[in-house]
Amino acid sequence: MSLLLVLNVIAVLIVMYLYRVVRGPTLYDRVLGLNGISTKAIILLIVIGTVYERVDMFVDISTGYALLNLIGTLAIAKYLEQRGRP
Amino acid sequence: MTYSFELPLLVLLILTAGGAILVKDLISAVLILGSYSFFLALIWAWLGAADVAFVEAVVGAGLATVFFLLTLFRTAPDDTRIRRPRPPVVVVVALPLLGMLLLYAASDLPSFGDPASPASTHVSPHYLENSVADTLTPNVVTSVLMDYRALDTLIETVVVFTSGIACWLLLRRDPE
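Chains as they are written, first to last, in this note's numbering: chain D, 55 to 140; chain L, 4 to 179.
Honestly, I wouldn't trust all of these hints.
[Said to hold, decoys possible] Partial pick of chain L residues on the chain D-facing surface, computed with a CB cut under 8 Å: (1) F8; (2) P11; (3) L15; (4) I30; (5) A56; (6) L72; (7) T74; (8) T78; (9) T156.
If you are wondering where the hints come from, they were derived from the structure by calculation, not from laboratory data. Quick reminder that beta carbons are idealized off the backbone N, C-alpha and C, glycines included.
Based on the provided sequences and hints, a complete structural model is requested.
Listed below in structure tokens is the structure:
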């Protein structure tokens with residue numbers, strides 16, 4: 055039951071970030087929001103793993119997601135740097 | 004075990020999908036699409052398909068964003084705002100009707116995890132019972148992928164490698 059509470063709290067936090075991603079006036083807001091979502095995502099995946107009692111498998115997923123999210127953010131940063139536009 | 008946590012996830016999925024369609028800028032659309040496919044990965048994880056969730060999180064949310072950005076970087080003009088014409092009336096009327104039709108048809112499907120559904124009674128028990136004796140592989144999914152469907156997986160690998168080579172050829176830097 056407490057795990058369900060944790061899941062829903064993280065989902066609400068993700069909604070707050072999502073508002074920034076979808077509405078965000080500038081591109082930087084969206085990038086920051088996406089980063090925030092991905093930090094919540096890592097924890098959320100592990101909590102889901104705890105619910106299903108298969109944490110070992112979900113730790114793999116969240117690690118892969120964390121690594122590739124870093125690459126994604128770097129790609130966006132590189133793009134913005136070379137294009138030089140907000 | 005069946006908390007209805009997929010409902011908030013589905014709401015988030017629809018929100019991001021709508022945002023990706025409605026946003027006015029290509030790069031923002033790419034970013035929102037990244038979060039969309041992350042929520043899809045969460046839904047797969049919640050429904051217990053951990054390997055599909057892994058692929059969706061890594062490929063959909065990670066690599067696809069990078070590939071979209073690389074494509075934009077190589078092809079798009081500096082101004083990436085989207086100017087979209089108004090959709091024809093036929094589309095506005097027909098697509099929701101089609102969606103209703105699909106939802107109506109989906110109400111006929113067996114519920115999630117139903118042990119009496121055709122998928123759970125037809126061939127699955129055979130693999131679950133015999134895969135260890137047949138292939139000496141502890142993981143059933145691995146035994147299906149790498150033993151029973153080995154040729155299929157081989158051709159899939161060929162396709163993935165071919166597309167990887169194509170991506171590399173398209174994205175490499177020109178030798179000066």
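Results of checking the hints against the structure:
1. The criterion of a C-beta within 8 Å of any C-beta in chain D is met by F8 of chain L, whose closest approach is roughly 5 Å, and the hint holds.
2. Against a cut-off of 8 Å between C-beta atoms, the interface hint on P11 of chain L holds, since the closest Cβ of chain D lies about 5 Å away.
3. Interface restraint check: L15 of chain L against chain D, minimum CB-CB distance 7 Å, threshold 8 Å, status holds.
4. Below 8 Å, beta-carbon pairs count as interface contacts, and I30 of chain L has one with chain D at about 6 Å; its hint therefore holds.
5. Contact between A56 of chain L and chain D, as hinted, is supported at the beta carbon level, the nearest pair being about 6 Å apart and thus within 8 Å.
6. Interface hint at L72 of chain L: satisfied, since its Cβ lies 5 Å from the closest Cβ of chain D, which is below the 8 Å cut-off.
7. Hint on T74 of chain L is violated. Least Cβ distance to chain D is approximately 11 Å, over the 8 Å limit.
8. Evaluation of the T78 of chain L hint against chain D yields a violated restraint, the C-beta minimum of about 13 Å exceeding 8 Å.
9. Hint on T156 of chain L is violated. Least Cβ distance to chain D is approximately 20 Å, over the 8 Å limit.
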